[in-house]
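Protein chains in written order, with our numbering: chain A, 1 to 796; chain B, 1001 to 1171.
Note that these hints are calculated values from the structure, not bench results.
Honestly, I wouldn't trust all of these hints.
The following label-pair restraints were derived from C-beta to C-beta distances [claimed, not checked]:
(1) B:R1152 to A:T468: 54 to 62 angstroms
(2) B:D1049 to A:G741: 43 to 51 angstroms
(3) B:Y1081 to A:Q746: 20 to 28 angstroms
As the structure is a computational prediction, the values presented were derived from the model and not from experiment.
Here a beta-carbon is modelled for each residue, glycine too, at the ideal position from N, C-alpha and C.
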Amino acid sequence: MHGVSDEMSDLLNIEINGVALQVKPGTMVIEAADDAGITIPRFCYHKKLSVAANCRMCLVEVEKAPKPLPACATPVTDGMKVLTKSPLALEAQKSVMEFLLINHPLDCPICDQGGECELQDVAMGYGQDMSRYHEKKRVVKDKFLGSLISTDMTRCIHCTRCVRFGQEVAGIMEMGAPGRGEHTEISTYMERAIGSEMSGNVIDLCPVGALTSKPYRYHGRPWENTTHDSIAPHDCVGSNVHVETRRNQVMRVLPKENEAINELWLSDRDRFSYMGLTSGDRLLQPMVKQDGEWKTTDWQNALNYAVEGLQRVKTASGAETIGALASPSSTTEELYLLQKVIRGMGSNNIDHRLQQLDFANQDTMPAYPCMNQSIADLDNINAALLVGSFTRKDQPIIAHRLRKANKSGAKVSVINSVDYDFNLDLSQSVITRPDDIASQLAGVVKALAEVTGKSIPDVLASSISSVTVTDEHKAIAADLNDAENATVLMGIHAMSNPNFSAISSLANAAAELSGATLGYLSAGANSAGAWLAGAVPHRAPGQQATDGKNAMQMITDDMKAFVLLNMEPEYDCANPNEALSAMSSADFVVCMTPFATSTMRKYADVMLPVAPFTETSGTYVNVEGQWQSFTGSVPPMGDVRPGWKVLRVIGNFLKLDGFDYLASEDVRDELDGLTRELETNSRSEITAVNLDSSKPELTRIGHVSLYAVDSLVRRSEPLQQTDDALAAMIAVNNVTAKKLGLDSGQMAVVMQSNTRVKLPIYIEDAIPDDCAFIPAGVTGSVELGLSYGPVEVAGG
Amino acid sequence: MMFAQRDKDQAKLDLISAESKADIDNWVAKYPADKKESAVMAALRIVQDQNAGFLTNELIDAIAEYLDMPAIAVYEVATFYSMYERDPVGKHKLCICTNISCMLCGSDEVVSHLEKKLGIKLGETTADGKFTLKEVECLGACVNAPMLQLGREYHEKLTPEKLDKLIDSLD
Ligand code: SF4
Ligand code: FES
Ligand code: FES
Chain A
1 MHGVSDEMSD LLNIEINGVA LQVKPGTMVI EAADDAGITI PRFCYHKKLS VAANCRMCLV
61 EVEKAPKPLP ACATPVTDGM KVLTKSPLAL EAQKSVMEFL LINHPLDCPI CDQGGECELQ
121 DVAMGYGQDM SRYHEKKRVV KDKFLGSLIS TDMTRCIHCT RCVRFGQEVA GIMEMGAPGR
181 GEHTEISTYM ERAIGSEMSG NVIDLCPVGA LTSKPYRYHG RPWENTTHDS IAPHDCVGSN
241 VHVETRRNQV MRVLPKENEA INELWLSDRD RFSYMGLTSG DRLLQPMVKQ DGEWKTTDWQ
301 NALNYAVEGL QRVKTASGAE TIGALASPSS TTEELYLLQK VIRGMGSNNI DHRLQQLDFA
361 NQDTMPAYPC MNQSIADLDN INAALLVGSF TRKDQPIIAH RLRKANKSGA KVSVINSVDY
421 DFNLDLSQSV ITRPDDIASQ LAGVVKALAE VTGKSIPDVL ASSISSVTVT DEHKAIAADL
481 NDAENATVLM GIHAMSNPNF SAISSLANAA AELSGATLGY LSAGANSAGA WLAGAVPHRA
541 PGQQATDGKN AMQMITDDMK AFVLLNMEPE YDCANPNEAL SAMSSADFVV CMTPFATSTM
601 RKYADVMLPV APFTETSGTY VNVEGQWQSF TGSVPPMGDV RPGWKVLRVI GNFLKLDGFD
661 YLASEDVRDE LDGLTRELET NSRSEITAVN LDSSKPELTR IGHVSLYAVD SLVRRSEPLQ
721 QTDDALAAMI AVNNVTAKKL GLDSGQMAVV MQSNTRVKLP IYIEDAIPDD CAFIPAGVTG
781 SVELGLSYGP VEVAGG
Chain B
1001 MMFAQRDKDQ AKLDLISAES KADIDNWVAK YPADKKESAV MAALRIVQDQ NAGFLTNELI
1061 DAIAEYLDMP AIAVYEVATF YSMYERDPVG KHKLCICTNI SCMLCGSDEV VSHLEKKLGI
1121 KLGETTADGK FTLKEVECLG ACVNAPMLQL GREYHEKLTP EKLDKLIDSL D
């Protein structure tokens, strides 16, 4: 056996165009050529997709082969001599090109792909200058694929990249190639809109102008755009992006290849959220409220007003009545300076954990929540347990990595409170009410103790002794234990679960017993950066313990002043109802925000227009702990200023020390100095858990849907038109519906926090008994209270 | 939608008769347990027979549900092969080969004779719903060209007389 594998790893000697190359067996000629920088034209071949070999554009001459061979489907053999530019190869390529152009319309001037079209480029390089075809061309009706992708199907060359992407990468086959021969038409079945959260990638994959971006349609030519490197601002992955701009306007966002993070993919959320940048409610000038009237003013005035207001509150009621809430998608620099301002004023009330309900374990949390492994490591996982995570929609790129592992045999299981549709072949799927997640995880811990023969840590043992171990728990335990590389990942819904401390302690125990890597998939683009920057009440940067109010306490503890950064309390907080009343009862509210809403106008006193990610420099720390800095892609609109600059001036106006930064890099470097030594392991202490909390008759499940996670996404019209943009509703299962006397489609009244809201009922078996799934962060549910907790629903 | 669909859609499955299901199961059993979709061609044929010789989108959906396949994948197969019909056909479907060998041996006359006799064009069905004329590609019987297929039978070396006899024998 040893000899064989050695032989296998031997490199083969081949020659392409006379260039001697050494390549691994199994490599296709086109890959070898690509690696050597030798161009072979292609349409259907794509390095991330399976080989279809249907376009024949890549024909090359291979010595001793009687006819040209497709380079994408011809594996190298020892001594092979390939000619990509011999008369035979060129003739073959020219003929294929002619065939492909028979039915392709010559409508480049009105085609959105013009200038970045593979067909155009290859036709220039390998085609003839004249068409010999005078007959009628084929015409294909356009297909409806939803609000993100435009179609011009007459231009399709049937390379099937889009179809293979669906099957192989997105994991749902939505597009296909019905028909045969000339009658083949790429389409979805019955004109269904595409539902994949990664669908936009087919726009990049399509070599012609058949699939193009709907929002970008007819907006410009690629050569007019300037490309800026940036980092996607919506999930903890930190996908690398190219922001394309023209005349100081963001035209579109495309993936920037980074094999270690997003490869060459991008989630739809990261690709299309830019459409929110030009939302009609962008705040372009600083505004202050004087005698109940909003007035536009200059920065000097507005900042003075803000600082005076804060100081007034401090003098009257004490610094500890001032609090700051920040979006976890703010930049590290903004978060660091915000906490510096707040702490400088004498308060530790700062938090970014807006959706969190249980803070009991915050002192034993790691320096920052991360995955403790690289994103690329997930490809090689053999077993994973996802707790409280709809990874597929929460962090599409992470799900894509897990899917790759899953396809090569990794056992992936979930413990969730909604039976979400994963594009994975799940081993075990434990679906239970939110307040029972911890108990289910405890079952896994006990099962792990059994299979490993190790003992459960003492602090835990007694508190989980009454938990019953099910077959599912045993199966998950066996998967984790048998795997060479296993991971336990806690998702957004675990971190916002009312028993997060227990879940975290148990997940730690499960990881310890099984030897799995423990990780968090945290909310927003920069939860990691927020923790490091000290945007938490209990730790100043560099882990120094402090004592302040967390996000939940701030909205319930009668604060006198708030500074809000990039957030809208009614959409972003775990208890929107309380959050809003906290804002309206506060004496002074400063909003640092890219958008001004009518609600904001009611409770705020100053609105300072700060820059979204495209208009500021900054740093996001991703789930691997990687600091990714970016610069602004366009100058700030109107009078908008980058958040870090605004905070620097506030620091100066408050006469606080150490606010003399010249550039955002200075801010980052200062923080880097404070945190460089920190331990990055995600493991935290295993603590006692309390599993017998009283369970309400009906519990709300208030997950934030993927297109509701932050103010920018919420304003991207095309994303809001997709099926993934949940509208407010009540989903209950059949059993619960019967119990409550509810019918599908009827309107019912939700009662929570003394508010009543009328919402439509959906019967959905993916919801556990005695739970009502009412999405958070969407119009219609923003008047409600806690995203998890007791709720009443009544018909009529 | 974002929610997992664990239970099969019974309303869809009900479109496939119990006999058809049993028949499909026979085919499914011939393939490895995780390769159910291998039976898709047989399933389409069985369900087409059950439904007077043609498939509907609802039936295609039902097969997708039954075999746990994406609907588009079943649709691809159903639209690829000319043996699957997606519009109602006559009781007798005459599939006339017009591919090269048959053409050289006179398939044009076969077509025109039948068209005249039945009063319909290729691709059409007689008003009484009895006959459909369909043009197909090579059926592998070139040695005895021209030919046509009726049901599971090949009729070869066709002449106008043979065709008349054939048509008259059908009720
Ligand atoms: S639509 Fe584009 S990607 Fe899909 S098959 Fe046609 S040319 Fe290829
Ligand atoms: S690229 Fe090789 S056949 Fe299409
Ligand atoms: S050409 Fe008609 S059977 Fe072959």
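Practice task
List, from low to high, the hint numbers that the structure doesn't satisfy.
Solution key: Result: hint 3 breaks, nothing else.
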